[in-house]
Amino acid sequence: MIAENRIILKNAGHIDPSGIDDYIACGGYSALGKAQGREPGDIVEEIAASGLRGRGGAGFPTGIKKKAAAGSVTKGTKYVVCNADEGEPGTFKDRMIMENDPHLLIEGMIIAALAIGSGKGFIYIRGEYYRSVELLHKAIDDARKRGMLGQNIQGSGFSFDLEIRLGAGSYLCGEELTLLESLEGKRGYPRIKPPFPAEKGLWGEPTLVNNVETLASLPSIISYGAAWYRSRGTEKTPGTKIFTVSGDVKKPGCYETDAGVRLGDIIDNLAGGTADGKPWRTVLLGGAAGTFVPPSYADATMCYDALREKGATLGSGAIIVVGSDRKLIPFIQSILRFFRHESCGKCVPCRIGTSYLHDRSMLLGKADAEGRKAIIDDMLNHSKQMAKSSLCPLGQSPVLPVESLHRHLRESIAKE
Amino acid sequence: MQSKHHLMDPKKIVARFRPDKSELLPVLHALQDSHPQNYLTEESMKAAARHLGVNLSWVYGVAGYYTMFSLEPRGRYLIRVCNSPVCSLLGSEPLLQRLEVVLGVHTGETTPDGIFTLEESECLGICEVAPAMMVNRDTFGNLTPEKIDKIIGDLRNSQKDTK
Chain A
1 MIAENRIILK NAGHIDPSGI DDYIACGGYS ALGKAQGREP GDIVEEIAAS
51 GLRGRGGAGF PTGIKKKAAA GSVTKGTKYV VCNADEGEPG TFKDRMIMEN
101 DPHLLIEGMI IAALAIGSGK GFIYIRGEYY RSVELLHKAI DDARKRGMLG
151 QNIQGSGFSF DLEIRLGAGS YLCGEELTLL ESLEGKRGYP RIKPPFPAEK
201 GLWGEPTLVN NVETLASLPS IISYGAAWYR SRGTEKTPGT KIFTVSGDVK
251 KPGCYETDAG VRLGDIIDNL AGGTADGKPW RTVLLGGAAG TFVPPSYADA
301 TMCYDALREK GATLGSGAII VVGSDRKLIP FIQSILRFFR HESCGKCVPC
351 RIGTSYLHDR SMLLGKADAE GRKAIIDDML NHSKQMAKSS LCPLGQSPVL
401 PVESLHRHLR ESIAKE
Chain B
1 MQSKHHLMDP KKIVARFRPD KSELLPVLHA LQDSHPQNYL TEESMKAAAR
51 HLGVNLSWVY GVAGYYTMFS LEPRGRYLIR VCNSPVCSLL GSEPLLQRLE
101 VVLGVHTGET TPDGIFTLEE SECLGICEVA PAMMVNRDTF GNLTPEKIDK
151 IIGDLRNSQK DTK
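Sequence lines, in order, name chains A and B.
Per the numbering used here, residue 1 is the first one in the first sequence, and the count goes up by one each step.
Per the numbering used here, residue 1 is the first one in the second sequence, and the count goes up by one each step.
Please keep in mind that the hints were generated in silico from the structure rather than gathered at the bench.
Treat the hints loosely; a few may be bogus.
Listed below are the simulated DSSO-like cross-link pairs for lysine-lysine, each with C-alpha atoms no more than 27 Å apart in a straight line [what the hints assert, rightly or not]: (1) B:K46 - B:K11; (2) A:K251 - B:K150; (3) B:K46 - B:K21; (4) B:K21 - A:K186; (5) A:K120 - B:K21; (6) A:K193 - A:K384; (7) A:K250 - A:K236; (8) B:K21 - A:K346; (9) A:K138 - B:K12; (10) A:K186 - A:K327; (11) A:K415 - A:K384; (12) B:K11 - A:K327; (13) A:K193 - B:K150; (14) A:K75 - B:K21; (15) B:K46 - A:K138; (16) B:K147 - A:K251; (17) A:K120 - A:K200; (18) A:K388 - A:K346; (19) A:K186 - B:K147; (20) A:K186 - B:K11; (21) A:K186 - A:K75; (22) A:K250 - B:K147; (23) A:K200 - B:K21; (24) A:K34 - A:K145; (25) A:K67 - A:K34; (26) A:K193 - A:K67; (27) A:K193 - A:K388; (28) B:K46 - A:K346; (29) A:K120 - A:K193; (30) A:K250 - B:K150; (31) A:K250 - A:K138; (32) A:K67 - A:K200; (33) A:K186 - B:K46; (34) A:K250 - A:K10.
Take a look, some chain B residues computed to stay more than 10 Å from chain A by CB distance [as the list claims (entries may be wrong)]: (35) A15; (36) R16; (37) S34; (38) P36; (39) T41; (40) E42.
Yeah, the Cβ is synthetic: ideal placement off N, Cα and C, and Gly gets one too.
Model the full assembly from the supplied sequences, consistent with the hints where possible.
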């Protein structure tokens, strides 16, 4: 049996998220006090030593991003941008953080700003998250009134303020460089990397872009230290991870555990097992831009590297469970429809490729067993070409579900 | 959102924002939210272009890119049915079909009385209560066709009350 181990969600459900008093009574903003007593370089080192990895999906070491942003020199302003454009299907962890503990995110952003020497931050949040937006507006106002944001924070001489910006229904804007384009008031078209945001980000200035869950991890790392953080999780994925379980389970929801627990334990112990009590047919890990895994992966270790070695992804932490009696063809079609809808159309392989993959998937239902196998083979071939030739992560993503589908489910779909 | 029955002057709305082109998305949100029919009129986009110092074509280009912005009038109640992988797995398609019957419109259309617009949406991020939908700013989850009937019935009744 495993249990939740809540660090980021420790206040969720226990405090009033529409005020600041409960958060402070639970020790909130004490990490900021500690951070203000330290050198910025020291804060960056602490975060790097914690081994925290970006929780948006890619798992990139947060310390390296912070070091790069801290090391960039500008005569203008450095920016901290919170990526709250949560749009990966099956993912709702950032919403849970913002709706339950908005000040935790704000405190994390101020600590990040102190670390890299930023004076201005933005929270780019998806436009449909009305409740999160409302609570964050209130939280920012309250934090300003208490002197946590604004000029000369807590008499330290350090100034930092925050603004909320709403997305408008584009999945691609969750990609960090596209998000910056959108913040600048443009269409959500991806930029070519490099330069990375740490060198040239928002309005060409050094910019740190972090996910909500990543930033919300910073206060506890500063409060209790890197060694404490590393005592949780695995060597390469320290700390906790929030998993969002959805689909055919008894208790869909948001569960925070140490990284590295078994997939089967999350589904059976935390999410109550499958809805019909039978073994699951497959699980889609990491959302639409994720990978299918078969029931034999119940023993898989839920951390970035262990999953990658098995050809799977942790991604955003989405765990979409598909029950034994479900047909998979409509599910695959909806994944590929999603990519077709969200492709921005800027680069040809993705614009044509996402439509092509969806069109092919629509032929699966009418084809016989051999025909289905041939279609899946063709989809794999095309999704690989797209991954090699597309400009941004969107065109590089369909290969993840398609390749894992090909590996684990080709035979069973043929017979479906 | 339900209380906005009167058209506000777009010039007054855009004047609340800094005249900087990076303000375009917030400006478009404010203009759309202020309109009783929940969309961006040509007049409002012209006001945005003038205030921010960009071409009207630029404003159109941005407004047309983002799914949440509409260039067509929409109903007082915008119904967005999540049709992403999780919701479709758990049965969003029968919900859409039921809504089309109950409202008498196809997906993407507005009822002739201007009360409801039916849209399908990619993931709304409320997968723990899939299948789900939003009506304006409110979320409805664990939906069944029967629940759809009740939600629409309640909204129609509240419409009568306000008349």
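Each hint tested on the structure:
no.	hint	result
1	B:K46 - B:K11	9 Å, holds
2	A:K251 - B:K150	25 Å, holds
3	B:K46 - B:K21	13 Å, holds
4	B:K21 - A:K186	9 Å, holds
5	A:K120 - B:K21	18 Å, holds
6	A:K193 - A:K384	20 Å, holds
7	A:K250 - A:K236	31 Å, violated
8	B:K21 - A:K346	22 Å, holds
9	A:K138 - B:K12	25 Å, holds
10	A:K186 - A:K327	40 Å, violated
11	A:K415 - A:K384	25 Å, holds
12	B:K11 - A:K327	53 Å, violated
13	A:K193 - B:K150	50 Å, violated
14	A:K75 - B:K21	22 Å, holds
15	B:K46 - A:K138	32 Å, violated
16	B:K147 - A:K251	21 Å, holds
17	A:K120 - A:K200	15 Å, holds
18	A:K388 - A:K346	16 Å, holds
19	A:K186 - B:K147	40 Å, violated
20	A:K186 - B:K11	21 Å, holds
21	A:K186 - A:K75	25 Å, holds
22	A:K250 - B:K147	20 Å, holds
23	A:K200 - B:K21	19 Å, holds
24	A:K34 - A:K145	20 Å, holds
25	A:K67 - A:K34	20 Å, holds
26	A:K193 - A:K67	18 Å, holds
27	A:K193 - A:K388	15 Å, holds
28	B:K46 - A:K346	26 Å, holds
29	A:K120 - A:K193	23 Å, holds
30	A:K250 - B:K150	25 Å, holds
31	A:K250 - A:K138	35 Å, violated
32	A:K67 - A:K200	14 Å, holds
33	A:K186 - B:K46	17 Å, holds
34	A:K250 - A:K10	23 Å, holds
35	A15	17 Å, holds
36	R16	14 Å, holds
37	S34	15 Å, holds
38	P36	19 Å, holds
39	T41	17 Å, holds
40	E42	19 Å, holds
Hints 7, 10, 12, 13, 15, 19, 31 from the earlier list are contradicted by this structure; the remaining hints agree with it.
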